[in-house]
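Engineer: We have chain A; now place chain B onto it with these hints.
There are 2 protein chains.
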Amino acid sequence: MVQVNGNYLKLKAGYLFPEIARRVKAFAAAHPDAPLIRLGIGDVTEPLPAACREAMKAAIDAMGTAEGFYGYGPEQGYLWLREAIARHDFQARGCAIDAEEIFISDGSKCDSSNILDILGPDNRIAVTDPVYPVYVDSNVMAGRTGEADASGRYGGLTYLPITADNGFIAPLPEQPVDLIYLCFPNNPTGAVATRAQLQQWVDHARATGALILFDAAYEAFIQDPELPHSIYEIEGARDCAIEFRSFSKNAGFTGTRCALTVVPRGLMGTTAAGEAVELWGLWNRRQSTKFNGVSYIVQRGAEAVYSAAGQAEVKALVAFYMENAAIIRRELAAAGLQVYGGEQAPYVWLKTPAGLDSWAFFDRLLEEANVVGTPGSGFGAAGEGYFRLSAFNSRANVEEAMARIARASLVPASAGVA
Amino acid sequence: MVQVNGNYLKLKAGYLFPEIARRVKAFAAAHPDAPLIRLGIGDVTEPLPAACREAMKAAIDAMGTAEGFYGYGPEQGYLWLREAIARHDFQARGCAIDAEEIFISDGSKCDSSNILDILGPDNRIAVTDPVYPVYVDSNVMAGRTGEADASGRYGGLTYLPITADNGFIAPLPEQPVDLIYLCFPNNPTGAVATRAQLQQWVDHARATGALILFDAAYEAFIQDPELPHSIYEIEGARDCAIEFRSFSKNAGFTGTRCALTVVPRGLMGTTAAGEAVELWGLWNRRQSTKFNGVSYIVQRGAEAVYSAAGQAEVKALVAFYMENAAIIRRELAAAGLQVYGGEQAPYVWLKTPAGLDSWAFFDRLLEEANVVGTPGSGFGAAGEGYFRLSAFNSRANVEEAMARIARASLVPASAGVA
Chain A
1 MVQVNGNYLK LKAGYLFPEI ARRVKAFAAA HPDAPLIRLG IGDVTEPLPA
51 ACREAMKAAI DAMGTAEGFY GYGPEQGYLW LREAIARHDF QARGCAIDAE
101 EIFISDGSKC DSSNILDILG PDNRIAVTDP VYPVYVDSNV MAGRTGEADA
151 SGRYGGLTYL PITADNGFIA PLPEQPVDLI YLCFPNNPTG AVATRAQLQQ
201 WVDHARATGA LILFDAAYEA FIQDPELPHS IYEIEGARDC AIEFRSFSKN
251 AGFTGTRCAL TVVPRGLMGT TAAGEAVELW GLWNRRQSTK FNGVSYIVQR
301 GAEAVYSAAG QAEVKALVAF YMENAAIIRR ELAAAGLQVY GGEQAPYVWL
351 KTPAGLDSWA FFDRLLEEAN VVGTPGSGFG AAGEGYFRLS AFNSRANVEE
401 AMARIARASL VPASAGVA
Chain B
1 MVQVNGNYLK LKAGYLFPEI ARRVKAFAAA HPDAPLIRLG IGDVTEPLPA
51 ACREAMKAAI DAMGTAEGFY GYGPEQGYLW LREAIARHDF QARGCAIDAE
101 EIFISDGSKC DSSNILDILG PDNRIAVTDP VYPVYVDSNV MAGRTGEADA
151 SGRYGGLTYL PITADNGFIA PLPEQPVDLI YLCFPNNPTG AVATRAQLQQ
201 WVDHARATGA LILFDAAYEA FIQDPELPHS IYEIEGARDC AIEFRSFSKN
251 AGFTGTRCAL TVVPRGLMGT TAAGEAVELW GLWNRRQSTK FNGVSYIVQR
301 GAEAVYSAAG QAEVKALVAF YMENAAIIRR ELAAAGLQVY GGEQAPYVWL
351 KTPAGLDSWA FFDRLLEEAN VVGTPGSGFG AAGEGYFRLS AFNSRANVEE
401 AMARIARASL VPASAGVA
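If you're matching them up, the sequences are chains A and B in order. So in the numbering used here, the last spot in the first sequence is 418, and the numbers never skip. So in the numbering used here, the last spot in the second sequence is 418, and the numbers never skip.
Next up, chain A with everything else stripped away, as it sits in the complex (with noise of 0.2 Å):
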């Protein structure tokens, strides 16, 4: 008989917007009138930019004609995409990464899981805690890690934790690993590496011959010049490291759907019999094979991103979302919450007033508030006794919220006391 891939048994039960959706329908149901106001999944909400529409319009209606018309493309993107991609994203600011160690995909959830079809069974893992949760999760399908215990850790993973007490900027693992996730601008903490920082991890990396996968999704919301966009800024990257970048966030293409994986030619990894392979050959032949690329309209709509227009609008809609964070951050503190992130990055990460945790702080904003945020715990246990708000709404829906925020109780009587 047929059989299933039973690591996927391993995976808790309650994710964590799924069960954020539950206790919101359950609350709704109960107050159908109260008007609820999400900061929960970091979604955007502003319209799309023209740049990128009228590319498209231009592209479909090319597709109207006999000349115009793209049937299958390269699996790997255009090169016009490609190019433009490495041009601005990374040659600019003295990445040497060329066109063809680009990778269009339709996402950065998706390559971030893809990648380990690439990569060996036995390699260690480490991820920092809290977490975005599709790291976790995708290993623990490909059955890279043991079972959950009772604090939602899977055994086999190495978990660095980042809290208030390290700036929330992991320390380098004691114990030797193989695969290294990391996140900044950060989800959920909304954190960010210096360049120094990235630097230790890099050498780390090259010293022991890990690999680093470095999410960069959020770095169009770095303000500080100074700041790192990509690990290529860093010394030594291309030795160690693959790059996730997305168009969700800076030009709202979440449901337009398009990103971009950088492998470094020259970046290698090993057989089990010792033998170095290069990961660019393998992830080439992995999308070839299991991927049939990018609809050439929405390239061509991300390719406009990077027009004179373009440009113009992703700075414009970065600026909006921030000046969100902005007033998230300040409202807060004026609230007498303890605030992080939110500077660099358009999550603002909070610590829980004494003696809420979590999950009872995320039903209070709900009660008291009809504001719906996530709880940090559903990152990962380190997370506990944290809650993420995110930036991407409208401003009339930012400041409704922290009026409302401003209005309740949500320092419990007890704070300040126990």
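Careful, some of the hints might be misleading.
Where chains are identical, the list cannot tell them apart; a pair therefore holds if satisfied intra-copy or between any two copies.
[To be verified] As a list, the in silico SDA-like pairs of lysine to any residue whose alpha-carbon atoms are at most 25 Å apart:
hint: 1; residue 1: K25; residue 2: L11
hint: 2; residue 1: K10; residue 2: G120
hint: 3; residue 1: K351; residue 2: P161
hint: 4; residue 1: K10; residue 2: A142
By construction, these hints were calculated from the structure, which means they are not laboratory data. Bear in mind that the values here come from a model prediction, so they are computed numbers and not experimental data.
Structural biologist: Frame of chain A; chain B shown alone:
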């Protein structure tokens, strides 16, 4: 040090389509003025239906407004599209398939590869020979096979030959298998299965607990009203089959990207420990974790396929390509070649003339007629001595290609003598 997935190294370097590209490039370099006509890769050529274009442009306009903007959609696809598919493609043909059993994706190639994620490593796998190479390669990459032998067959797979001798309908496997790949209308042979033939497969799968992976990407090309379009037209198929479908070939979406996979509720597999597990939940979890859904814009385009205007355009496209297929069949037969397929499928499968193997015929066709086709041996050892021509091209190109073939000397002098 980071380890790679060594199974990739088992893949044969000489993959079919790159080898074709290499030979075509060499020929074009030597004969820069030769007017090549490509009937090789199965890629559509005619403009995208106006109904789809208009729907996508309307979706793009909406995305430019705050009210009409769509961010992350359901990973499974929008319900309005899933419902349209359930109604038109399944319920209208008597198949009890619900919208929630339909998962929208960006390609059948992706889905038919990714489905291995939810299946166990020890399943015994049967493929036809010749076969769509992705079924085999995705199993090689996932470590479900041994090494390839001199003929290109991988250890551990059960190959079911489909040749003129068995009317291109594979015999039931003699040894037990757990996973069976079937594709009707067939790529590459153009054969199609009758209801009775599919019933045999379904009965066999149910009797043995095997899972059928049924690729119906070409169902729109079926002309005979008696022939089944879906495996779910067969009694019992809900208990033993997953079906893959695509908008690529019927609506010209090879460059636009939209497809779907049907996983019936109640379709079960088993864990290594013998526990029964529903595949629907595993696929739902796989897609939710490792995929972010298809572009909203593209889904609106796919939905328009089911409008009255869209249906008329798709019918006209299919009729156009099938007229091409009829021309190819007629002219090849007139040239003295034995032809198969092309009556319920957009592929014509021909027997290479005596004395020529598949690649020798490829070279001769390229040199004598400047026409590019696909050698049957590229699809598997039992495809040796066959050759595929695709009906996907403009009428003018098809007619010109056939006129050249009529003038060329494709049949060696020794034909009929050997």
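Engineer: Indicate, hint by hint, whether the structure satisfies it.
Structural biologist: Here is how each hint holds up against the structure:
1. K25 <-> L11: within (23 Å within a copy, 49 Å between copies)
2. K10 <-> G120: both (20 Å within a copy, 14 Å between copies)
3. K351 <-> P161: This pair counts as within: shortest intra-copy Cα distance 15 Å, inter-copy 64 Å.
4. K10 <-> A142: both (11 Å within a copy, 20 Å between copies)
Consistency note: the structure conflicts with none of the earlier hints.
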